[in-house]
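Peer 1: This is what each chain is made of:
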Amino acid sequence: MATHKITVTVNGAAREADVESRLLLVHLLRESFRLTGTHIGCDTTHCGACTVLLDGQPVKSCTVLAVQADGREVSTVEGLERDGKLHPVQEGFWEKHGLQCGYCTPGMLMTGCALLARTKEPSEQDIREAISGNLCRCTGYVNIVQAIQYAAAKLRER
Amino acid sequence: MIPAGFDYHAPATLSEAVALLSRYGEGAKVLSGGQSLLPLLKLRLGHAEHLVDIGRIPGLEYIKEEGGMLRIGGRTRESALEQSELIRGRYPILYDTVRVIADPLVRNLATVGGNLAHGDPGNDHPATMLALGAQVVAVGPSGERVIPIDKFFLGLFTTALQPDEILTEIRVPSPPPRSGGAYVKLERKVGDYATAAAAAQVTLGANGAFDHVGLALTNVGPTPVRSQDAEDALIGKRPTDAVIAEAARRAADASSPTPDRRGSVEYKRDMARVLAGRALKQAVQRAGGQ
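Top to bottom, those sequences are chains V and E.
Anchor point for the first sequence: position 47 equals 47 in the working numbering, and the numbering is continuous, going up by one each time.
Anchor point for the second sequence: position 122 equals 280 in the working numbering, and the numbering is continuous, going up by one each time.
If you're looking for bench data, these hints aren't it; they were derived computationally from the structure.
Hints are all accurate, no fakes.
Beta-carbon label-pair distances, calculated as ranges:
no.: 1; chain 1: V; residue 1: E91; chain 2: E; residue 2: G446; range: 45 to 55 Å
no.: 2; chain 1: E; residue 1: G291; chain 2: V; residue 2: D55; range: 27 to 37 Å
no.: 3; chain 1: V; residue 1: Q100; chain 2: E; residue 2: R419; range: 24 to 34 Å
We put the CB at the ideal spot given by N, CA and C, even for glycine.
Just chain V, same shape as in the assembly (with noise of 0.2 Å):
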């Protein structure tokens, strides 16, 4: 089986990798570029522990094959933080407390910014469906729609 060779731009610089088809973006990211940060959960496309964006849109990167992204860009958890300061997103899951064990907060983050990207001021409703593809299986939601909407809050001053 071939492999090849592709350029994908992650966090906004180009990185080459060669590799074999069916390798999943989600091991390409954590073994070939060793950015952690995307969690691995169900690996069923279920969890979305895994979510990265993909030009911009939030996909769970364990059902894209890394040769798929090939040209494109991916923005991963890694990437949110700009000169030491969390993103207004990670703010939110800081101040209102918006994870226990921390395993689905990499796909929440990812699924919170793009939502933000979008809608500047998203109701509960909206939140609940736009991360209703992540699971967490800690706190129940209520602290992470919370973190949202202060970050959500935090861009509208801005």
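Chain V is fixed; fit chain E onto it per the hints.
Peer 2: Relative to chain V, chain E alone:
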């Protein structure tokens, strides 16, 4: 989980893609959004020697009304359908449907063509397209052919598409005045397949009676189940509770569910009946009837 090895091809044109499928025959699979295919390959429930990714072929993603028809490009993402004002305003049954397909993250990659071509009776578009009387356009080595949706779903994971054909477009007749449609799904949680679901598309005559009805069910048989018998029971009648209840009963009779964690045969058939009734009522309401 990692899929077994395969070769990946990313053709730039439709004809190149068809040529690849012709060359590799049964060993090749079309990769559209990948949201059903990749899980199957990872779980090793499915197998492919070659994946032909149609994601880099331009011109397969669009939603437009033209010539009395809604045309949806085969590779149109579900999220695009969901965000379309045209769909929300003119095809509420499609809006209902797309909102309950998997979850928002999956819908960012999953495609309308893939949802049909996969031939999974648990998918949501098939029943809706049956109710709408859609047509499917397939392109193969000898050109294009149009397949009526009634002839498309042949069995479990089996459609009328040949191994060297690609689903390029879905055509839906634009609804005449006094039409309405609805899709009602019972699911245990977001992202689950339907325990049962019903799609209804109706047109009412000037006297308020049913002029045209399309009624189909999801995940209660090896293919989506259209019930001609139920449709016949409605034509020419006014949408009273009793008339709708009778049609819903007939629709459920046409189903052949299998028992699983979502419920017993009896439960699923009864849910099919309840949902068919609700879909019909909602469709009538949207058509401006009582």
